[in-house]
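Participant: Sequence:
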Amino acid sequence: MRFTGRHRPLVAVTTLVAALALTPLAAQQQDKVDYEAIYKIKDEGFQRSQVMNIASWLTDVYGPRLTNSPGFRKAGEWAVKEMSSWGLANVKLEPWTTANGPFGRGWSNDQFLMQATKPGGTFPIDGMSTAWTVGTDGHVKGQAAYAIIETADDIARFKGQLKGKWVLTTPMREVQALWTPTARRYTDEELKDMQRETDSAARGGRG
1 MRFTGRHRPL
11 VAVTTLVAAL
21 ALTPLAAQQQ
31 DKVDYEAIYK
41 IKDEGFQRSQ
51 VMNIASWLTD
61 VYGPRLTNSP
71 GFRKAGEWAV
81 KEMSSWGLAN
91 VKLEPWTTAN
101 GPFGRGWSND
111 QFLMQATKPG
121 GTFPIDGMST
131 AWTVGTDGHV
141 KGQAAYAIIE
151 TADDIARFKG
161 QLKGKWVLTT
171 PMREVQALWT
181 PTARRYTDEE
191 LKDMQRETDS
201 AARGGRG
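For the sequence shown, position 166 (counting from the first letter as 1) is numbered 166 according to the numbering used here, and the numbering increases by one without interruption.
Since the hints were derived computationally from the structure, they do not count as laboratory data.
Where is the CB? At the ideal position from N, CA and C, for every residue including glycine.
Careful, some of the hints might be misleading.
[Said to hold, decoys possible] The following label-pair restraints were derived from C-beta to C-beta distances:
hint : residue 1 : residue 2 : range
1    : Ala-145   : Ala-99    : 30 to 36 angstroms
2    : Val-175   : His-139   : 24 to 30 angstroms
3    : Ala-116   : Ala-156   : 24 to 30 angstroms
[As the list claims (entries may be wrong)] Cross-link-like lysine to aspartate or glutamate pairs, in silico, DMTMM-like; alpha carbons within 25 angstroms at most:
hint : residue 1 : residue 2
4    : Lys-141   : Asp-110
5    : Lys-74    : Glu-94
6    : Lys-40    : Glu-190
7    : Lys-141   : Asp-126
8    : Lys-42    : Glu-190
9    : Lys-92    : Glu-82
Based on the provided sequences and hints, a complete structural model is requested.
Facilitator: Shown next, in the form of structure tokens:
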């Protein structure tokens with residue numbers, strides 16, 4: 001049996017009507033919005049939020065936090081102290097291991113400076129050493145090589161060419177011109193709308 005294009009819409013509509021008929025009435029009704037609860041959540045978030053304070057401690061003070069590094073341990077100790085001050089019980093650091101046993105040594109970078117000396121004059125190179133790179137114990141000089149290594153084929157292609165060189169492993173960053181501001185001010189009307197929403201929630205409850 002073959003259906004023509006003229007009959008297919010009828011079949012689709014019939015199926016849709018049957019599906020709607022089987023849908024429970026309660027599922028078709030929307031729950032009422034609890035504006036009072038929403039207002040309390042917004043008030044807590046806007047007036048007593050600790051998000052930026054916590055983020056600052058874990059980034060500006062105790063970042064970076066590479067596994068098993070000094071920053072990692074200090075951040076954990078700070079978190080224990082902070083959560084204990086909130087009244088949480090039994091807050092402590094827990095040891096962990098990998099499938100092969102203890103994780104091993106950590107790594108931290110005290111300072112990294114790179115300067116191109118020739119050709120074309122001297123200029124600084126903005127970069128960061130890869131984690132677990134062996135330290136240099138002072139200033140060293142050497143040739144630089146540019147190599148993007150992401151696959152096994154890339155490893156084979158550069159085999160024997162990078163020993164003893166400073167390897168640049170990421171593409172040059174493209175700096176876009178900023179023709180528009182990165183932030184935008186709310187208009188007076190937008191601010192009024194937000195104020196009306198807050199006032200309405202404060203006066204209402206469930207409804």
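Participant: Give a verdict on every hint.
Facilitator: Hints, one by one, checked against the model:
Separation of Ala-145 from Ala-99 is about 35 angstroms and conforms to the stated range, judged on CB atoms against 30 to 36 angstroms. In this structure the supplied range 24 to 30 angstroms holds for Val-175 paired with His-139, their Cβ-Cβ distance being about 29 angstroms. Between Ala-116 and Ala-156 the C-beta distance comes to about 29 angstroms, which sits within the given range of 24 to 30 angstroms. Restraint check: the Cα-Cα separation between Lys-141 and Asp-110 comes to about 19 angstroms, which is no more than 25 angstroms; the hinted pair holds.
Between the alpha carbons of Lys-74 and Glu-94 the distance comes to roughly 14 angstroms, so the proposed pair stays at or under 25 angstroms and holds. Proximity of Lys-40 to Glu-190 is assessed by CA-CA distance (about 21 angstroms); at most 25 angstroms being required, the pair is judged to hold. Pair hint Lys-141 plus Asp-126 holds up; C-alpha atoms about 16 angstroms apart against a cutoff of 25 angstroms. Simply put, Lys-42 and Glu-190 have alpha-carbon atoms about 17 angstroms apart, close enough for the 25 angstroms limit, and the pair holds.
For the given pair, Lys-92 sits about 11 angstroms from Glu-82 by alpha-carbon distance, which is consistent with the 25 angstroms threshold.
Checked against the numbered hints given earlier, the structure satisfies every one of them.
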